[in-house]
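Following the hints, position chains B, C and D against chain A.
Protein chains: 4
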Amino acid sequence: MGNSEFRGIFPYLVTPLDEKGRLKEQVLADLVDHLIRKGVHGLTPLGSTGEAPYLDWETKRRTIEVVVKATAGRVPVVAGVCNTSTQGAVREAAETEKLGVDGILTLMPSYFPLNDQQVVAHFRSIAQAVACPITLYTNAKFQTWDFTVEALKRLTEEPNIMYLKDASGNVGKIMSIVTTLGQRLKIFSDTSSVPLFMFLIGGVGWMSGPACVIPVQSIELYEAARRNRWEEAAELQKKQWPLNVAFQRYSLSACVKAGLEMQGFPVGPPMPPQKALDAEGRRAVEGILRSIGAL
Amino acid sequence: MGNSEFRGIFPYLVTPLDEKGRLKEQVLADLVDHLIRKGVHGLTPLGSTGEAPYLDWETKRRTIEVVVKATAGRVPVVAGVCNTSTQGAVREAAETEKLGVDGILTLMPSYFPLNDQQVVAHFRSIAQAVACPITLYTNAKFQTWDFTVEALKRLTEEPNIMYLKDASGNVGKIMSIVTTLGQRLKIFSDTSSVPLFMFLIGGVGWMSGPACVIPVQSIELYEAARRNRWEEAAELQKKQWPLNVAFQRYSLSACVKAGLEMQGFPVGPPMPPQKALDAEGRRAVEGILRSIGAL
Amino acid sequence: MGNSEFRGIFPYLVTPLDEKGRLKEQVLADLVDHLIRKGVHGLTPLGSTGEAPYLDWETKRRTIEVVVKATAGRVPVVAGVCNTSTQGAVREAAETEKLGVDGILTLMPSYFPLNDQQVVAHFRSIAQAVACPITLYTNAKFQTWDFTVEALKRLTEEPNIMYLKDASGNVGKIMSIVTTLGQRLKIFSDTSSVPLFMFLIGGVGWMSGPACVIPVQSIELYEAARRNRWEEAAELQKKQWPLNVAFQRYSLSACVKAGLEMQGFPVGPPMPPQKALDAEGRRAVEGILRSIGAL
Amino acid sequence: MGNSEFRGIFPYLVTPLDEKGRLKEQVLADLVDHLIRKGVHGLTPLGSTGEAPYLDWETKRRTIEVVVKATAGRVPVVAGVCNTSTQGAVREAAETEKLGVDGILTLMPSYFPLNDQQVVAHFRSIAQAVACPITLYTNAKFQTWDFTVEALKRLTEEPNIMYLKDASGNVGKIMSIVTTLGQRLKIFSDTSSVPLFMFLIGGVGWMSGPACVIPVQSIELYEAARRNRWEEAAELQKKQWPLNVAFQRYSLSACVKAGLEMQGFPVGPPMPPQKALDAEGRRAVEGILRSIGAL
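Chains as they are written, first to last, in the working numbering: chain A, 1 to 295; chain B, 1 to 295; chain C, 1 to 295; chain D, 1 to 295.
Note that these hints are calculated values from the structure, not bench results.
Source: prediction; values computed, not measured.
Just so you know, even glycine gets a beta-carbon here, dropped at the ideal spot from N, CA and C.
If you want the footprint, here are the derived chain D segments under chain C, 3+ residues with CB under 8 Å:
1. 50-63
2. 78-91
3. 106-112
4. 118-130
5. 244-254
6. 268-278
Pulled out of the complex, with its shape left as it was, chain A reads as follows (with noise of 0.2 Å):
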């Protein structure tokens, strides 16, 4: 498949959704086709800012026809594949293979804590299923379990295990995961605080949520990081900064939700029991967008 090979710049997509839950289908659709317009390299939905741990499956699949369709092959779409139990992650992923996607990334919200044999064990069952590429995903502030350097290692044992996602923002673990596992794990940035040192370091591109409301930014970022004009990338950063500052701040979902729909695109609320952002927080958002050019 020519969209095998991932790069740059991956808005983490958020799943429109009406007032009782339902997939908005064509906002959905419009949205892929800005974000594509807009130059953005890939899309990724179904991830924490897809909101994944808090839908069925059935929104989930239709969300990935969805975003496959619209986006036509002119982008890779790599979708999200995130269930507790290693059986339901199993089939997630060789259904959501068959739905046409470039590939996939694996979250696992957890419950008791894993050991790295365990995790080892998930991730590879999954591996297994499918023949498409595989973006290894971890958030250790929302699980109950990490990668070790040591688990990686083990699961690049799997070919199609090629990417990590890392949202961290833990630059020592980065710098173990680099220096030992650089040559065969590409690395996606995530917190918006780290993606120049990620670039820097040799990582590949940035899985974003943020990256929906400001993917012109974005790319901004990524192109003069790739271009090794790396004064100019940091300002860049600087200049972005305080976007992250506010959705950590309020909730990421909702944010983002929240700055779209100033955008023109009618994404809805948060799936409760998140909330949608309050007056001060669309305020705050808005002003920062204003400033940072995307409004």
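Frame of chain A, contents of chains B, C and D only:
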């Protein structure tokens, strides 16, 4: 309904599963009958020990049906409702009530952190969707949220929110809950370190995974406390403590399932990514069960 | 020495200081006399409440002298030894013993994390430097180390390590210590959430900052427990609990010092960087002390 | 004073001590001379690596005297001031300044947690007690407090608070500090995972324990960054990273002291309760120093 006042020992039932994750219905029915004959005061399927966060709705629905039928009204059945989204939890709660349970225990696995307002709205929605008594459950170790005393106070505005099971083992927080809401909210003990303390400050019972394998010993401790034989209860709690130490070192479902297999109930392994106890763990659990007189 | 068996209520004495950080010796002597007349079973200067981590050796030395003299053998004095380095702790312990105390309580503020081997070596060195009984103290919230059960087991090889005061409020850990080492190590309760629990599983007493302001009520709880009047003890603990809630919201030394000022002991403010209670905090503490009958 | 602008590589000097904890003055003087000849841009005695939290004032005073004398004005000396109480810190700061240092680095080991108001008051008092430039230091892993961006903003009202060394490795927080206060507060890098990132977003230098054993390599990385040879700097940071991994596994002072012994500086063991590296740790450190070209 006669079974609406809950007190005493409520084993957290394991969910017997075969290697493919299919419910072993007869084993479950046998276990239910066995525990009732041993004298337990109620049954709680689909709690943490029941691996609720790892099961799909079909398996959960069938588990409730089997437990309700095998119980045949002899003791109250308080079934777990476990869903990350509010809509999903409301739907599960309503369907669970229709299956004939006497009460509901609410678990909320989580991803994004939640504030008090979000937490209160979630559980209020569940409470308003059913008529039966609700036991709020929280286990801060495995979640990105927890009940504050203030949130609990607001939740007691819902008349059917009647019980709380706090798994924190945080006796300071429990003191604050009891001194503030003790007249309104009945409290069940969780971890084996605290039943004695809980009973002494007014707790009504003990919902417990280990009670599946040591029902008689758990009842003995409860009865000693209920008859104000506190020194005797203290000695019993100390005697049972090593079992809990082992259960913490290994994993809860794996330990309870291993112990039940030793007692002749072929409940199978826990759901992956959890793993069955290894040989060393089985020896440890076996030794302790023998010393307690449970084998 | 007749005073080598410690049991009952040991107030953690505040260290009365003027605005310049100088010891108010007469106030300290008066407080000592007052507490002994109220019936406390021992005195513990230079614990956490005594701000030991903030005081220089001269102030600490003089504090011990004043307390020993004012006590005049009426109750045992167990003085805190608080030093980050082993050499410093050993030197302080030896000098403290020479000042005529009946026992030593060991605090170890910390910087770099310590493993079991380092922890054991530190406290072993102190134990071997003195002949008097030692009470090990640990407060994991404020340290980068903690006692494991295994480390405690090794430390009981030192014959004069006889007592433990665990400030964790972690009842699971306390259960493990009591069931493993309960015959060898006598345990004092700390936080006001656990004395009842501690007495029931065999604790010998309660070392407590709040006991400076509620000595009579603390003794009442201890005596109810000692006479196996457990329900009465439970009611007393619940009644006193709001004081602890206030003390946690504000800062411990600031609260105890404010309460003592209200009772007529001009003990002064806590050492900076700690701050005295503000007006709102004083009102809260005053209201609770009144409701408990301590004002 | 000509030495009031600090930039570049400042090794965190170890404090050479014999088995009895006495300063090895000649070894310290030799190390100072060696590092200056290797090209370091400044020296920082009595930081964490210098074991400041474990030393008494006499040893600290003498350490400063030896370093100031051996340096003889060739590079700036920024000495650590480390005290838990405000009064103690103020007194130490004033005396340290009199000993002829060019600047002060503030450490605050802690016990009770501190809020912003308390933190600000503490460091403001120190700043007002001296005329020399102050470098604020914070290492949240070892403390019960940390600087918020708001607290830092208020502290920049003191004109001589000019530098910050943040040991968190939390790049998100560093982004917030730089974008908010970057014009006012000059920032030094700490942990070896972040110098590259720090230099790129405007950091002025690197205060580093490992720089005692790899001064040349640290300078090389700094110079590559200063000349905007970012890809080269990235490769150098990756090459040095394994040293940091080893230093985290064992203990910092123990590792730096072991490395210096291998390089011919008999700096002795760290102060107990810290322990010297065991044979395995020494082998690990030796192997890495060889691979980096530092042995």
